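Listed here are the chains, written in short residue letters.
There are 4 protein chains.
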Amino acid sequence: MKVGFIGLGQMGAGMAANLLKAGHEVAVFNRTADKTRPLIERGARLCDRPADACRGDVVISMLADDPVLESVLLGEQGMIGALGQGAIHVCMATISVDLSERLTALHAEASQGYVAAPVFGRPDAAGSGRLFIVAAGAPDAIERCRPLFDAMGQRTFVVGERPQLASLVKLSGNYLIASVIETLGEAMALVSKAGIDRHQYLEILTSTLFGAPVYKIYGGLIADGRFEPAAFAAPLGLKDIRLTLAAAEALRVPMPVGSLLRDRLLSLLAQGGERLDWAAISQLAAQDAGQPPRSA
Amino acid sequence: MKVGFIGLGQMGAGMAANLLKAGHEVAVFNRTADKTRPLIERGARLCDRPADACRGDVVISMLADDPVLESVLLGEQGMIGALGQGAIHVCMATISVDLSERLTALHAEASQGYVAAPVFGRPDAAGSGRLFIVAAGAPDAIERCRPLFDAMGQRTFVVGERPQLASLVKLSGNYLIASVIETLGEAMALVSKAGIDRHQYLEILTSTLFGAPVYKIYGGLIADGRFEPAAFAAPLGLKDIRLTLAAAEALRVPMPVGSLLRDRLLSLLAQGGERLDWAAISQLAAQDAGQPPRSA
Amino acid sequence: MKVGFIGLGQMGAGMAANLLKAGHEVAVFNRTADKTRPLIERGARLCDRPADACRGDVVISMLADDPVLESVLLGEQGMIGALGQGAIHVCMATISVDLSERLTALHAEASQGYVAAPVFGRPDAAGSGRLFIVAAGAPDAIERCRPLFDAMGQRTFVVGERPQLASLVKLSGNYLIASVIETLGEAMALVSKAGIDRHQYLEILTSTLFGAPVYKIYGGLIADGRFEPAAFAAPLGLKDIRLTLAAAEALRVPMPVGSLLRDRLLSLLAQGGERLDWAAISQLAAQDAGQPPRSA
Amino acid sequence: MKVGFIGLGQMGAGMAANLLKAGHEVAVFNRTADKTRPLIERGARLCDRPADACRGDVVISMLADDPVLESVLLGEQGMIGALGQGAIHVCMATISVDLSERLTALHAEASQGYVAAPVFGRPDAAGSGRLFIVAAGAPDAIERCRPLFDAMGQRTFVVGERPQLASLVKLSGNYLIASVIETLGEAMALVSKAGIDRHQYLEILTSTLFGAPVYKIYGGLIADGRFEPAAFAAPLGLKDIRLTLAAAEALRVPMPVGSLLRDRLLSLLAQGGERLDWAAISQLAAQDAGQPPRSA
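Residue numbers (my numbering), protein chains in the order written: chain A, 1 to 296; chain B, 1 to 296; chain C, 1 to 296; chain D, 1 to 296.
In isolation and in its complexed conformation, chain A is listed as follows:
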């Protein structure tokens, strides 16, 4: 299939490589072109502008946040103007429910398809094609994208026909991840102040009721006190919790743990944690308990 790919960060680079490996014809654009080099070597076509990546059947965007995506989509040189009738825009980044809803309307006006298909998985899963994809959109559009999803992920869940539902599921999943970080942080502050070893404690948890990747991955970071380099940096975490709370506000759903997570992330940033993994909010519970910060 002829596919464009816009946004080649830690996640996007791996995803685009898997599309190439599956035999698709891939045109790539990234703001800083050096990141595209490994993909060009594997056969990708380099584009100078986002619009140039919009000449195929499908264009995938994997851009950091709402304002960046909006600036690339709209305007004279924007993706919407460049994309052909009947072509499909697949947004695989975590964007707001509100923008997902507006994009549905904008692409429909331009007789284009729009599918929201955010992913669960960190950069290593993107590289190995083992992402989980949560998709929503018109059924035929999703069917056309399936070969692409199969190349990038290990499983695709279709949650409905309104694209914003996929954005909402993804945001709520990030909320649940952050909740695990916060509650593990509180529990570890408690048991470690009593003298229990954090790694043994984590082993007990993950050997019993809590044997899921989210506890193993984040529990390990918290037990180690290792928050650099960030696989998912605190400002991105704050963005996602903010978008979750905004979606919840629009639906009039109070989420008290969500509010706490927002406060924790603000506090982490206020204290200089811009470059830390969002798992570092776990340290705040220890700090509130008068415990010195840990380091790797």
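Just so you know, these hints were derived from the structure itself, not from any lab. Bear in mind the structure is a predicted one, so any value in this text is a computation, not a measurement. Even glycine gets a Cβ: it sits at the ideal position worked out from N, Cα and C. The reader is advised that the hints may include incorrect statements.
[What the hints assert, rightly or not] Below, in silico cross-link-like pairs of lysine-lysine (BS3-like), each with a Cα-Cα straight-line distance of 25 Å or less:
{"id": "1", "chain 1": "C", "residue 1": "Lys193", "chain 2": "B", "residue 2": "Lys239"}
{"id": "2", "chain 1": "B", "residue 1": "Lys193", "chain 2": "A", "residue 2": "Lys239"}
{"id": "3", "chain 1": "A", "residue 1": "Lys239", "chain 2": "C", "residue 2": "Lys193"}
{"id": "4", "chain 1": "C", "residue 1": "Lys216", "chain 2": "B", "residue 2": "Lys193"}
{"id": "5", "chain 1": "A", "residue 1": "Lys239", "chain 2": "D", "residue 2": "Lys193"}
{"id": "6", "chain 1": "A", "residue 1": "Lys216", "chain 2": "B", "residue 2": "Lys216"}
{"id": "7", "chain 1": "C", "residue 1": "Lys216", "chain 2": "D", "residue 2": "Lys239"}
{"id": "8", "chain 1": "D", "residue 1": "Lys216", "chain 2": "C", "residue 2": "Lys239"}
{"id": "9", "chain 1": "B", "residue 1": "Lys239", "chain 2": "D", "residue 2": "Lys216"}
{"id": "10", "chain 1": "C", "residue 1": "Lys193", "chain 2": "D", "residue 2": "Lys216"}
[Stated by the list, open to error] With beta-carbon atoms standing in for the labels, derived distance ranges:
{"id": "11", "chain 1": "A", "residue 1": "Gly272", "chain 2": "B", "residue 2": "Leu106", "range": "57 to 63 Å"}
{"id": "12", "chain 1": "B", "residue 1": "Asp98", "chain 2": "A", "residue 2": "Ala246", "range": "54 to 60 Å"}
{"id": "13", "chain 1": "A", "residue 1": "Gln77", "chain 2": "C", "residue 2": "Arg226", "range": "40 to 46 Å"}
{"id": "14", "chain 1": "A", "residue 1": "Glu161", "chain 2": "C", "residue 2": "Ala250", "range": "32 to 38 Å"}
{"id": "15", "chain 1": "D", "residue 1": "Arg102", "chain 2": "A", "residue 2": "Ser207", "range": "55 to 61 Å"}
{"id": "16", "chain 1": "A", "residue 1": "Ala105", "chain 2": "C", "residue 2": "Pro123", "range": "38 to 44 Å"}
{"id": "17", "chain 1": "B", "residue 1": "Ala246", "chain 2": "C", "residue 2": "Thr32", "range": "32 to 38 Å"}
{"id": "18", "chain 1": "C", "residue 1": "Leu46", "chain 2": "A", "residue 2": "Arg275", "range": "54 to 60 Å"}
{"id": "19", "chain 1": "B", "residue 1": "Ala108", "chain 2": "C", "residue 2": "His199", "range": "22 to 28 Å"}
{"id": "20", "chain 1": "B", "residue 1": "Ala33", "chain 2": "C", "residue 2": "Asp224", "range": "52 to 58 Å"}
{"id": "21", "chain 1": "C", "residue 1": "Ala250", "chain 2": "D", "residue 2": "Arg102", "range": "33 to 39 Å"}
{"id": "22", "chain 1": "B", "residue 1": "Asp98", "chain 2": "A", "residue 2": "Pro229", "range": "40 to 46 Å"}
{"id": "23", "chain 1": "D", "residue 1": "Pro292", "chain 2": "A", "residue 2": "Ser111", "range": "57 to 63 Å"}
Fit chains B, C and D to the supplied structure of chain A, relying on the hints for placement.
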């Protein structure tokens, strides 16, 4: 080994049965004797009073809460008076850190051993000998109890020599379970108000990052809206969160999600939920969002 | 002075009347013209469009929220285009810190002055000229507005030269009012469930340490359970708490009670409280305690 | 009247002095006798043991917390044993609702009266006889105590016949004071990070809607960042919030701001604030916002 077993509720009955199956000589006491019948049929000796169950090498208690345990332990006819020198009391219920600490001293004064060995697992795991046991106490005392632990559980974790550490680990584990209930409740209130099917949502979570028993078991209850009959009733849940917060207060560790859980459980009880499973606190997030209560 | 006044709701009508009474020449605009009638009878000049109210030395806006103000300010027929060089726009409504900051720049570009001067006081205080005014802006601009402030308020506080500071002080004041509502709601849920009379309780509070208007006014509403008609409706309350939290987020200041207030207001709206005074969030504490709703 | 007075701390010393000034015959006991000297000089009779202070019509206790009061009341040399039939014990300290309820029963069994009469006011108000007294108990017992209340306070509120109601009102009042500290702390963290002067901000608040002693007294401490010497130390604050939450738990009333206050006080103590006034929890909001601690 000659073992006494005091407290044959949903959990204790299964545990005692597994001791019999492993060939131990078991003397049982329960406040209401009818519960002991199936065990007598399998060869257990029925005791009229707790003290009569204290004539072996080890006596195991599995009693509902601190005051009940204290009343059975102390006093003229109490367990401490009846238990021989060198014998061991193994408390496998979830009791307060404070009582666990006091029992350590009381048994030491009487030249008896004391091991705290609370368990993770619901009644079905107790029946099939697949509990997880978290033990703390003097190393030789724990070694002597190992054959018993092996008969009742699939794995035993030793977390230290001070018995109260095992109580603390168990309490913090229950705090983490309740946190999962609360946060799943918030997330499901959000996505289901947007129109997403709760069961599909749960499948996405448990197929990806959240594939642990705690999400499957409690997620199923929440998605179904099925909170009766209670496997772990709300008043017991409140008791355990209260004990967690008391231990945290003694150690001066603030636990904001713990505080929220306490408020949720109080609210559930204030609204008449005495007989519901503690997973029913998940309904409060839906109620706050103006959603009608679900039923099975 | 020649003054325009845009926005004649419960507050604005009283404020404009006091300007007339003080002898100023007042041109008024309101979206629904019938509200302007009493002012016309007292000598105000009726304008067909906002731009027509911008021909004097000063134009005052008292519009419900950010989007309405923006739509009236910008565009071809907007206030900024109509206002002369050297004239001053005084925004007396509670707007976001962010918009206040942008207006400062927009008016400066147009060689106009901009003063933020939000007020404390409910409609009766607006009618009797006893508002408290919190102003910020260039010192000379504030001096020129002083005769107007003196006509509308009993006292003016100048908090700095950057207009957004006045917006921030006002928002934080509303946050404090809402905090009083919430905490009185919790305290009254507690004592009234124990059998203490709410009115007597309030009298004890206001006779001792809590003898301030905020406790008397809101305490009375809460003790009575009287939330209609709304002097300040719940959706406006949510807007102000949202703007407070947005300003706090920009400054990276976590406000946990602010987060709780947001959750309470969302819950009130989710349960159908659109038309109630924001003091009705106090009922949610009683509801959480299993108490039936009170009514006047 | 013949009155005993037990407990002569910062508060009790002033209260006993006012009883002497009003002409009552006062027998005093304090654990450390040197504090009694100024009272002896004014005519008080010094007692060696609490029991010796129980020979009059009324004995007043003003002891720091529940355990101390219990130890002085019960036992062979205890107040209950020493107090005559028909005599009245007036507890003016802030004790738990639960203990207040138990004392009612214990004194009734001994044919003695029991009145709970906690006070609002800091040491200066105790010294000048301007306390506010909240009393509950049998009407005739309260009437007999009235001359004493009039000597110590500026006004007495009778809230019911069950003594524990007075304890509950007092605890809830302390909860409201702590709420003001917390919310002022959050608001000042916000506005002062934006560059607004804290003292001017406080003046705006107390000149407008917030003109009550609680805002003036605590607002001044917070604006100054002056928390030593403590007029009411953090551990006492934690005790009162704990007792409030315990009373609320018994009545099944969730109090989310109460939970936050408990967490704040725990955090303050965990960070070494044992000797600070409880107003120092206001610093935690500033700390969460990355602001350096202030000092006087």
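Now for the hints, and whether the structure bears them out:
no., hint, verdict
1, Lys193(C) with Lys239(B), "holds (22 Å)"
2, Lys193(B) with Lys239(A), "holds (22 Å)"
3, Lys239(A) with Lys193(C), "violated (41 Å)"
4, Lys216(C) with Lys193(B), "violated (38 Å)"
5, Lys239(A) with Lys193(D), "holds (22 Å)"
6, Lys216(A) with Lys216(B), "holds (17 Å)"
7, Lys216(C) with Lys239(D), "violated (28 Å)"
8, Lys216(D) with Lys239(C), "violated (28 Å)"
9, Lys239(B) with Lys216(D), "violated (40 Å)"
10, Lys193(C) with Lys216(D), "violated (31 Å)"
11, Gly272(A) with Leu106(B): 57 to 63 Å, "violated (49 Å)"
12, Asp98(B) with Ala246(A): 54 to 60 Å, "violated (44 Å)"
13, Gln77(A) with Arg226(C): 40 to 46 Å, "violated (59 Å)"
14, Glu161(A) with Ala250(C): 32 to 38 Å, "holds (37 Å)"
15, Arg102(D) with Ser207(A): 55 to 61 Å, "violated (46 Å)"
16, Ala105(A) with Pro123(C): 38 to 44 Å, "holds (40 Å)"
17, Ala246(B) with Thr32(C): 32 to 38 Å, "violated (59 Å)"
18, Leu46(C) with Arg275(A): 54 to 60 Å, "holds (59 Å)"
19, Ala108(B) with His199(C): 22 to 28 Å, "violated (57 Å)"
20, Ala33(B) with Asp224(C): 52 to 58 Å, "holds (57 Å)"
21, Ala250(C) with Arg102(D): 33 to 39 Å, "violated (52 Å)"
22, Asp98(B) with Pro229(A): 40 to 46 Å, "holds (43 Å)"
23, Pro292(D) with Ser111(A): 57 to 63 Å, "holds (58 Å)"
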